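So the chains spell out like this:
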Amino acid sequence: MLDKNGIAKRIAKEVQDGYYVNLGIGIPTLVANYVRDDIEVEFQSENGVLGMGPFPFEGEEDADIINAGKQTITTLPGASFFDSATSFSMIRGQHVDLTILGAMEVAENGDIANWKIPGKMVKGMGGAMDLVASAENIIVAMMHTNRAGASKLLKQCSLPLTGVGCVKKVVTNMAVLEVTNKGFKLLERAPDVSVEDIKKATEGELIIDGEIPEMDI
Amino acid sequence: MLDKNGIAKRIAKEVQDGYYVNLGIGIPTLVANYVRDDIEVEFQSENGVLGMGPFPFEGEEDADIINAGKQTITTLPGASFFDSATSFSMIRGQHVDLTILGAMEVAENGDIANWKIPGKMVKGMGGAMDLVASAENIIVAMMHTNRAGASKLLKQCSLPLTGVGCVKKVVTNMAVLEVTNKGFKLLERAPDVSVEDIKKATEGELIIDGEIPEMDI
Amino acid sequence: MISKKVANVQEALEGVKDNMTFMFGGFGLSGIPENAIAELVRIGTKGLKCISNNAGVDDFGLGLLLQGKQIDKMTSSYVGENDEFERQMLSGELEVELIPQGTLAERCRAAQAGFPAVYTPAGFGTEVAEGKETREFDGKMYVLEYAFKADFAFVKAWKGDEAGNLIFKGTARNFNPNMCGAAKITVAEVEELVPVGTLDPNQIHIPGIFVKRIFQGEHYEKRIEQRTVRQRQ
Amino acid sequence: MISKKVANVQEALEGVKDNMTFMFGGFGLSGIPENAIAELVRIGTKGLKCISNNAGVDDFGLGLLLQGKQIDKMTSSYVGENDEFERQMLSGELEVELIPQGTLAERCRAAQAGFPAVYTPAGFGTEVAEGKETREFDGKMYVLEYAFKADFAFVKAWKGDEAGNLIFKGTARNFNPNMCGAAKITVAEVEELVPVGTLDPNQIHIPGIFVKRIFQGEHYEKRIEQRTVRQRQ
Chain A
1 MLDKNGIAKR IAKEVQDGYY VNLGIGIPTL VANYVRDDIE VEFQSENGVL
51 GMGPFPFEGE EDADIINAGK QTITTLPGAS FFDSATSFSM IRGQHVDLTI
101 LGAMEVAENG DIANWKIPGK MVKGMGGAMD LVASAENIIV AMMHTNRAGA
151 SKLLKQCSLP LTGVGCVKKV VTNMAVLEVT NKGFKLLERA PDVSVEDIKK
201 ATEGELIIDG EIPEMDI
Chain B
218 MLDKNGIAKR IAKEVQDGYY VNLGIGIPTL VANYVRDDIE VEFQSENGVL
268 GMGPFPFEGE EDADIINAGK QTITTLPGAS FFDSATSFSM IRGQHVDLTI
318 LGAMEVAENG DIANWKIPGK MVKGMGGAMD LVASAENIIV AMMHTNRAGA
368 SKLLKQCSLP LTGVGCVKKV VTNMAVLEVT NKGFKLLERA PDVSVEDIKK
418 ATEGELIIDG EIPEMDI
Chain C
435 MISKKVANVQ EALEGVKDNM TFMFGGFGLS GIPENAIAEL VRIGTKGLKC
485 ISNNAGVDDF GLGLLLQGKQ IDKMTSSYVG ENDEFERQML SGELEVELIP
535 QGTLAERCRA AQAGFPAVYT PAGFGTEVAE GKETREFDGK MYVLEYAFKA
585 DFAFVKAWKG DEAGNLIFKG TARNFNPNMC GAAKITVAEV EELVPVGTLD
635 PNQIHIPGIF VKRIFQGEHY EKRIEQRTVR QRQ
Chain D
668 MISKKVANVQ EALEGVKDNM TFMFGGFGLS GIPENAIAEL VRIGTKGLKC
718 ISNNAGVDDF GLGLLLQGKQ IDKMTSSYVG ENDEFERQML SGELEVELIP
768 QGTLAERCRA AQAGFPAVYT PAGFGTEVAE GKETREFDGK MYVLEYAFKA
818 DFAFVKAWKG DEAGNLIFKG TARNFNPNMC GAAKITVAEV EELVPVGTLD
868 PNQIHIPGIF VKRIFQGEHY EKRIEQRTVR QRQ
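Residue numbers (the working numbering), protein chains in the order written: chain A, 1 to 217; chain B, 218 to 434; chain C, 435 to 667; chain D, 668 to 900.
It should be emphasised that the hints constitute simulated quantities derived from the structure, not laboratory data.
Misleading hints may appear alongside valid ones.
Said to hold, decoys possible - Only pairs whose alpha carbons sit at most 27 angstroms apart, straight line, appear in this in silico DSSO-like list of lysine-lysine:
no.	chain 1	residue 1	chain 2	residue 2
1	D	Lys799	D	Lys716
2	A	Lys199	A	Lys182
3	D	Lys807	B	Lys385
4	B	Lys340	D	Lys740
5	D	Lys826	C	Lys593
6	C	Lys566	D	Lys807
For clarity, every value in this text was computed on a predicted model and none was experimentally measured.
For reference, chain A alone in the conformation it holds in the complex (with noise of 0.2 angstroms):
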């Protein structure tokens, strides 16, 4: 079983070359921290820059420097900070070549829930709703089961949606999983997680051919 930061190493394998790359709060974050040296990416952060560096050192936070944790940052040669409405055409435009999020609930069919748990505090969708809207590449980072041992992977989102049909894969602590439009195709496993493990976590359809490999991270 993955932790955090295993399943953001395995998501950092995703990125390729010349990726300009949105990535969410919690797991996805960490996910920069992984990515390979001898390859060319850009982070963009919703709130308005693009060639995110790492945290700044102490002293040095500018409180007009930060990502859309409001976490503060710093920028990378060949920054750029735009406003509001560039920052969503990017995104809604498919410039963005890949985003990364976290999720309560991902259905068979790519549908995902990651904002409102009725009954509770509900914080906002952010510019979530606009990124699973307009990614042509979305993976989602997120625990495989829920905390009381339910799955995540669903037939049908119980939770209200975020968007509909968008997912593409799921990293979770125990498997890669792509979304078909037959259900969640298995396509590794984390070390020392059985297929039956995953099968026995996961509520949707789980399509299983041939030999599943495990990760390789």
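Dock chains B, C and D against chain A, hints included.
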């Protein structure tokens, strides 16, 4: 009767302190020469400049600084450059206070035709259709009659329209007229032009209410 | 040059009344119009309908207006780093409309640019699209979202001049430029009001035509919401 | 940093084929992609459908492509400082679609920003709106205009860097920024290609994400169409 400069001079009196003004090609361009010195006005050109100044001195022309008539221009302190979409945001969003443009025909309901003569070479509407469709305050500058002596203030436009019901005021070589829902209301006569002269030269409904003063220019 | 300069925040807020709709620039606490918010707190305007990406924190930003129960409705994309907000929302004192962030930006831009409405894919198939018109273009579904209508837009820029020209800094830019000219009256406060002619006409983010009033702001706190640093090696 | 730099105009135009749709930045002769046009003349690509505000003059700008009868269709707002254009248009060799200038700009921006279509008031009640969907919002009529679809966008900037970031100068900006990212492949030529890191991230007109290829242009003529001067007193 006024000449082109006279028309421009009369229209200049319509320009008020604090106005952003878009001037069309031809007579409208001349208006800038006659705006009072004691008011503040900024000229916008739809190719992407606000705060236009006079033409440059010889030798100081810059191919990168032109107006919508493709003439070399200068800018005044406080000027700004912007892209075409932003330029038409100013126009469509009604941030430009006054649009002054020429016309081939104006109808008594405020329709305007100024871009196309069927059978002749058509150069295009440029920004005119955006301007007339959006501006709250449109003044047309034109001769009262065409070269053949026929009225250009009509019951209905005969040429393809540029915009419908949009013209608010017309200043010609003979008169100042307001477009009302009953037709052209005669406001002022040009020097040495009688109400009778204007009647003869106006095909559209002409409203003459009381004494018509001579223009004070 | 048409002057937009007003003497102070009091003059900048002339015409502000109870029950109006206001836009506020800013993302989190970055780039928020601190002076305008402080003055609204001081004069105690009530019944506000606010359009702002976020709602501040308990003791800063729009949170200050929430503390005084001055806000009736928030239209935002992300809220609730804010206990008082949560309390008012759950008790029903505060109406909250959550909309996608890109939709928020574009409904501002539509108002600025004279577009009545826009078709965006964001929110299609979700409760955000409930009751809204949807439409297919080229096999993809879109939701029709309307331009905002607001009485005042309060924005904050880094530098500005008397002509109303604005330059923003870093990600403090965010929604500020999109809100300029998107309300009946746009009030810009700036960290530095520079003499006309000192800003490069080529490098102005928002031309003065989109701004109605501009003033030199005071005492900017520019609070950091999530101070995140790395260790020096 | 993702590099967009290509060695020269030949590499920048890789993939250009007959019968494609191209966008060209520029207003009149100001801000036109001189190098891309010259190369298209050289390689003789035919059957082009061009989206450009103007069509150049007889011996410069897109007029050069007209001379070689390389263009099948022009979508523009204002044309015809150009005898060859007129001849081809009147003879029916050249298809010409005239559209309002603001509509042209916004159909580019829609393509760039992922909007399928926009409602604009421009052209309502005129022949421009014939056959198009119209709609009333708040008592005003609008025409539905669709986002452009183009294969290449050729733009010209003043300065740029290897990351594809662009800065334009004066009114040579015009349609250029709106066309970036509005076609499948955006090719930017610049007067000066500067090292990455020398452009202020706060002052970039077009972030590199909207640009696919960038190259240092050569031999800019920057012809003036209407040289208008005033006398020194």
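To see whether the hints hold, each was checked on the structure:
no., hint, verdict
1, D:Lys799 - D:Lys716, "21 angstroms, holds"
2, A:Lys199 - A:Lys182, "16 angstroms, holds"
3, D:Lys807 - B:Lys385, "17 angstroms, holds"
4, B:Lys340 - D:Lys740, "15 angstroms, holds"
5, D:Lys826 - C:Lys593, "23 angstroms, holds"
6, C:Lys566 - D:Lys807, "20 angstroms, holds"
Checked against the numbered hints given earlier, the structure satisfies every one of them.
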